[in-house]
Amino acid sequence: MPFLLLFFVFCFGNSNTCQAQLTKQTTQTIPIENAKFLRVTIDNAEIYFKEAKGDRLIVEANIELSVPYETLLNFVINNGRYQLQWTVEPNRKELLLTSERGRDMLVVRGEVCQERVSYTIYVPKKLRHRL
Numbered sequence: 061m062p063f064l065l066l067f068f069v070f071c072f073g074n075s076n077t078c079q080a081q082l083t084k085q086t087t088q089t090i091p092i093e094n095a096k097f098l099r100v101t102i103d104n105a106e107i108y109f110k111e112a113k114g115d116r117l118i119v120e121a122n123i124e125l126s127v128p129y130e131t132l133l134n135f136v137i138n139n140g141r142y143q144l145q146w147t148v149e150p151n152r153k154e155l156l157l158t159s160e161r162g163r164d165m166l167v168v169r170g171e172v173c174q175e176r177v178s179y180t181i182y183v184p185k186k187l188r189h190r191l
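Take any residue in the sequence shown, note its place counting from 1, add 60, and you have its number in the numbering used here.
Think of the hints as simulated: they come from the structure by calculation, not from any bench.
From the three backbone atoms N, C-alpha and C, an ideal C-beta is built for every residue, glycine too.
For lysine-lysine, the following BS3-like pairs were computed, each having C-alpha atoms within a straight-line distance of at most 25 Å:
hint, residue 1, residue 2
1, 113, 96
2, 185, 96
3, 110, 186
4, 96, 186
5, 96, 110
6, 153, 110
7, 153, 185
8, 186, 153
9, 153, 96
10, 113, 186
11, 185, 113
12, 84, 110
13, 185, 110
14, 113, 153
Here are the in silico distance ranges between beta carbons for each label pair:
hint, residue 1, residue 2, range
15, 108, 148, 21 to 29 Å
16, 96, 167, 39 to 47 Å
17, 111, 171, 37 to 45 Å
Work out the full structure: start from the sequences and follow the hints.
Printed below as a string of structure tokens:
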């Protein structure tokens with residue numbers, strides 16, 4: 061009897077979680093120009109910072125989808141869904157990284173596809189970052 065109870069708890073307890081069936085990583089390189097500071101405003105994603113050598117910012121996006129459709133994932137990646145936009149504000153010597161606002165939901169066969177995105181940003185030593 062306890063085994064049966066654990067079985068139902070496991071089955072129904074995990075039904076709402078996003079379990080990745082497909083994972084992919086993309087890389088983006090951004091010149092820092094004359095910036096001394098980095099400001100990041102990225103919505104709906106986990107952000108990790110790592111120190112790096114050099115004078116370019118490198119952004120790795122790790123994307124997980126709850127459906128196994130690699131063609132769909134490649135399509136949205138190639139259309140820039142996970143690319144960050146960047147601008148340099150010369151007066152403040154600040155590099156601003158932003159994500160696309162208001163992404164449309166991905167729907168596959170009538171069901172909303174869950175996506176989980178995380179960014180690892182490799183920041184040069186001479187650049188200070190703010191969230």
